[in-house]
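Participant: Residues per chain, in single letters:
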Amino acid sequence: MTSQLGHFSLIFSIFFSIFIIFQSLNFFFSKKIIFKSSLLSLIFLQLFFVIVSFLSLLTAFLYSDFSNVTVYNNSHTSKPLFYKISGVWGNHEGSLLLWLLVLTLFLFIFVLSSKKVENKYKLLTIVFQEIIIFGFLIFIVFTSNPFEYLYPTPNEGLGLNPILQDPALAIHPPILYLGYVGSSLIFSSSLSAIINNGVNPEWAKHIKSWVFTSWIFLTLGIMVGSIWAYYELGWGGFWFWDPVENVSLMPWFCLTALLHSIVVLEKRNFLKKWTIILSIATFALSMSGTFLVRSGILNSIHTFANDPSRGLFILIFLFLLIIMAVTILFLNYKSEETRPNNFILLSKETAVLINNWFMMFFLSVVLIGTVYPIFLEVLTNEKISVGAPFYQKLMVPFLIPFLIFMSFGPRLRWIKNNFNKLNFKLIFIFIVTSLISYIIVKYSGVRYLFSTLLISSSFFLLFNTLVDLFKKTVQFPQKISHFAFSVLILSILINGIFSKEFNSNMKVGDELKFMNKTIIFKSINFEEEKNYKLLKGNFEIIESGKRSLNFIPEIRIYNQPVVSTSEADIKTTLFNDNFIVFTLLKEDEIFNVRYQYKPFMIWIWISILALTFGGILAVIKK
Amino acid sequence: MFGKKVKLRITFLLLSFISLILIVFLIIKSLEENVVYFKSPTEINDLSELTKKKVRIGGMVKKDSLEVKAEEINFIITDFKNEIRVSYSGIIPNLFEEEKGVVAEGFIKDRNFFIAKKILAKHDENYMPPEVKRALENK
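If you're matching them up, the sequences are chains A and B in order.
Going by my numbering, the first residue of the first sequence is number 1, and it counts up by one from there.
Going by my numbering, the first residue of the second sequence is number 1, and it counts up by one from there.
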C-alpha cells in the first residue's frame, strides 16, 4: 500500500520536473525576465512528493512490509529499529532515492536562500538542476525502482548485510551524499553563470557557501567511512587505496582545489574559466563515484553483489551531462579573461594556483590508479589491481614540496608581497624542525630518505601554521583548517611509521610473547542477542612496567543472513590505540587473533574534525 | 630576438611541458611496478613461465581443505577446473570460509603451491569472484 504511494509520488515528480523546466525556460525567454513564486511552489511540491516517496519506503522498512522487493532483500523483522531505518539507504535502490531527496532538497534551499540574485541566473540554475533530477527520476523509476511488488508476500526478509549494521556505516552514506549532491548545485549554478555571462566575484561570493558546505560534508563522510573501516574490518588501517575509497577521494581533491580557487575569483576576479572547470569536474567525479560503486565495475574489496546493467544508464547520463557542460562552456565563454595587470608572481594568487596544481596532480594519480585497471580489463581481459605502494610512491615525493609551499602560501598577500619580514621566524622554525626530525629519525630507525624528508616537512608546516594561529593577517577559519591539516598529515605519518602488529592463531589458555609484551587468551563466553549470537573473547596484554590491558573483542554470528562479523576492542588514549580483534577459524577452538598498536590514531579523527570545523566557521562567518 | 615577455612565456610553456612529460612517465613507470595481476587457478596452471611478482588468486575455498595450525593456515583454492594449495599466516577475514569465494594475494611458488601474504575480505556473503562465477555457470 505505502509502496504504491511511493511509486506514484515518484512518477508525479517526473511530471513536475518537466513542468518546472518548461516553466523556468518560459520565464527566462519572456521579455521581462521574471521569477514568480509559483515556480517556488512547484519546486516545493516536487520536494514534497519526493519526501512522500522516501517516507513510504521508510515506512515499508519500519513495518517490515515484505511485499516490497527492496525491503525483502534488505531487511528482517528481528533487525533493530535503527538498522531498519538505515536499511533504507543500505541498498542500491534506496540510496538512489536518498540522492534524489537531497537533490530536490538542495534545489529548494537554493531557491529560498538566493532571493537577491538575478532572476535569469536563478532560473537557469533551476533548469540545470531539474535536468539532473529528471535523469535520476527516470533512472530510479525504470531501472532501480525501490517499490517493486513481490507476490506472494514472504513472511521473512533476507536481512541486511551484517557488516553494514553499524552506527558509523548507517550515517556514512547520507553524509557523503550531502557532499556529492552539493556539488550538483555548484555544477548547475556555474553553467547558469556562464550562459548569463555572470562568472564574477559576486557569483563566487554567492556560490562559495555551497562549495564550503559540500566540502564539509564530503570530508566528514569520508572520515566516517574511514573510521568504520578502521574498527569494523579489523585490519587496523583506515585507508587502503581501494577503488571504492578512491572514488570518494577524487571529488575531494577537486573540491578542495575549487574551495581555494573560488576565493581568488571572489577577491581578485580571475581564474574564472578554471573555477568553472573545477565545478564541472567535481560534479562529474561525484557522480561517477556513485556510478562506479554501484555498477560493480570496480574490482574492489568493498564490492557488494550488484547489477552492472544499471551502471550503463548512469554512465550514459553522466556523459550527456558532461558533453552538455563542455558545449556550454565553449559556446558561451567569451574569452574576456582579463589577466590583472598587477599580477605578480609572489602573491596569494600564485599560492592558490600552486595548491591547485598539487591537488590536480594528486587527483590524477588517484584517477589513473583507479581507472587504469578498468581499461586494461576491457582491452586485454587481464585483471589487475593497483595497490597502496603505487599511490605512496607517487604521492609522497610530491607531498614534501606541497607541505613546504603550504607553510608559506597562506602568509602571502593578495597582489604583491614583501618578503623581508618573513625570514627571521622561518629560520628559527627551520632549526627547531630539523632538530625534532633528527631526534625522531635517530630513535625510530626510519631508514628511508623520503620518510625523513616527509617528517621534517610536516613538522615545518606544523610549526608554521602554529605561528599563524596567533597572527592577524590570516583568516581565522583558514588558520584552524590549515593547522588541523598539518596535524592530520603528521599523525598519519607517525601512525604509519610506528604502528606495530602481531598476529597468531590461538586457543583459550594460550599465552604468547611478542615484542616486549605478553598476550593471554583467558576465556571465551557465549551470549545471545536479538538478531545475533555472540562470542566474547577475554584477552590480556601485559607489558613490563605498564598496567596490563584487558580486551573483550566480539565475534557476532548473525541469524539472517548467517554471517559472522568481528567487533574489535580498542583501547584509545591520547597517544595511542591498542586494538585486538579475533575471528573464527574452522573449528570453534582455534581463533585468529590480531593485536595492533597504533600511535596517535585519535589525532587523525580529531584533526579531520578540526579541519571541517574551520570550514563550518567559514560558512557561518559570512 | 624575442621580447622579454615572450621569452618568459616560452620558458613557462616549456617548463610545464617538460614537467607534464615527467609526471606521465613517473606515473606509468610506477604503475608497471606496482600492478598486481589477478589470476584464477586455471590461469596459473596455464602459465608458460611462473612470475616472481605479487599476484592475486581468486576462487573458492575447497570443501574440507582448511587446515589450521598455530602459526599458519593451509587451504586449497579451486575454480572447479584446477586448484592450488595456499599457505598463509596473517589475519583472516570473517567471510573466509570453506565453499566461499576468496581472494588471496601473494607469491606463486610452483604451479600448485602459493604463499599468501594477505587474504582479502569481501563484504558481501553472496559475492563471488567473477571468474568463479563464470566457471560455475559453464559447468
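Possibly wrong hints are sitting among the right ones.
To be verified - Residues from chain A that keep clear of chain B, each with C-beta distances beyond 10 Å, as calculated:
{"no.": "1", "residue": "Ile-14"}
{"no.": "2", "residue": "Leu-320"}
{"no.": "3", "residue": "Pro-373"}
{"no.": "4", "residue": "Phe-428"}
{"no.": "5", "residue": "Met-506"}
{"no.": "6", "residue": "Lys-513"}
{"no.": "7", "residue": "Ser-564"}
What the hints assert, rightly or not - Straight-line C-alpha distance at most 25 Å; calculated SDA-like pairs for lysine to any residue:
{"no.": "8", "chain 1": "A", "residue 1": "Lys-32", "chain 2": "A", "residue 2": "Asn-197"}
{"no.": "9", "chain 1": "A", "residue 1": "Lys-273", "chain 2": "A", "residue 2": "Tyr-231"}
{"no.": "10", "chain 1": "B", "residue 1": "Lys-54", "chain 2": "A", "residue 2": "Tyr-448"}
{"no.": "11", "chain 1": "A", "residue 1": "Lys-500", "chain 2": "A", "residue 2": "Gln-478"}
{"no.": "12", "chain 1": "B", "residue 1": "Lys-69", "chain 2": "A", "residue 2": "Ser-347"}
{"no.": "13", "chain 1": "B", "residue 1": "Lys-62", "chain 2": "A", "residue 2": "Ile-557"}
{"no.": "14", "chain 1": "A", "residue 1": "Lys-522", "chain 2": "A", "residue 2": "Ser-504"}
{"no.": "15", "chain 1": "A", "residue 1": "Lys-500", "chain 2": "B", "residue 2": "Glu-43"}
{"no.": "16", "chain 1": "B", "residue 1": "Lys-63", "chain 2": "A", "residue 2": "Lys-32"}
{"no.": "17", "chain 1": "A", "residue 1": "Lys-500", "chain 2": "A", "residue 2": "Leu-512"}
{"no.": "18", "chain 1": "A", "residue 1": "Lys-393", "chain 2": "B", "residue 2": "Ser-19"}
{"no.": "19", "chain 1": "B", "residue 1": "Lys-109", "chain 2": "A", "residue 2": "Ser-347"}
{"no.": "20", "chain 1": "B", "residue 1": "Lys-5", "chain 2": "A", "residue 2": "Trp-357"}
{"no.": "21", "chain 1": "A", "residue 1": "Lys-472", "chain 2": "A", "residue 2": "Lys-393"}
{"no.": "22", "chain 1": "B", "residue 1": "Lys-4", "chain 2": "A", "residue 2": "Phe-514"}
Hint data in this document are derived by calculation from the structure and do not stem from the laboratory.
Note that CB positions come from ideal geometry on N, CA and C, so glycine has one too.
Participant: Run every hint past the structure and note whether it holds.
Facilitator: Evaluation of the provided hints:
1. Ile-14: 32 Å, holds
2. Leu-320: 29 Å, holds
3. Pro-373: 8 Å, violated
4. Phe-428: The claim stands: Phe-428/A keeps its Cβ more than 10 Å from every Cβ of chain B (closest is about 32 Å).
5. Met-506: Check fails; 8 Å does not lie beyond 10 Å.
6. Lys-513: Check passes; 14 Å lies beyond 10 Å.
7. Ser-564: 5 Å, violated
8. Lys-32/A to Asn-197/A: 18 Å, holds
9. Lys-273/A to Tyr-231/A: 43 Å, violated
10. Lys-54/B to Tyr-448/A: Cα-Cα ~22 Å, so holds.
11. Lys-500/A to Gln-478/A: 34 Å, violated
12. Lys-69/B to Ser-347/A: This hinted pair is violated, its Cα atoms lying about 64 Å apart.
13. Lys-62/B to Ile-557/A: It holds: about 22 Å lies between the C-alpha atoms, which stays within 25 Å.
14. Lys-522/A to Ser-504/A: It holds: about 15 Å lies between the C-alpha atoms, which stays within 25 Å.
15. Lys-500/A to Glu-43/B: Violated - the C-alpha atoms of Glu-43/B and Lys-500/A are around 36 Å apart, more than 25 Å.
16. Lys-63/B to Lys-32/A: The hint is violated at about 76 Å.
17. Lys-500/A to Leu-512/A: Roughly 16 Å between the alpha carbons, so the hint for Lys-500/A and Leu-512/A holds.
18. Lys-393/A to Ser-19/B: Satisfied, since the Cα-Cα distance of roughly 17 Å is no more than 25 Å.
19. Lys-109/B to Ser-347/A: Since the Cα atoms of Lys-109/B and Ser-347/A sit roughly 58 Å apart, the hinted pair is violated (cutoff 25 Å).
20. Lys-5/B to Trp-357/A: 23 Å, holds
21. Lys-472/A to Lys-393/A: 38 Å, violated
22. Lys-4/B to Phe-514/A: Cα-Cα ~67 Å, so violated.
Violated hints for the displayed structure, listed by number in ascending order: 3, 5, 7, 9, 11, 12, 15, 16, 19, 21 and 22.
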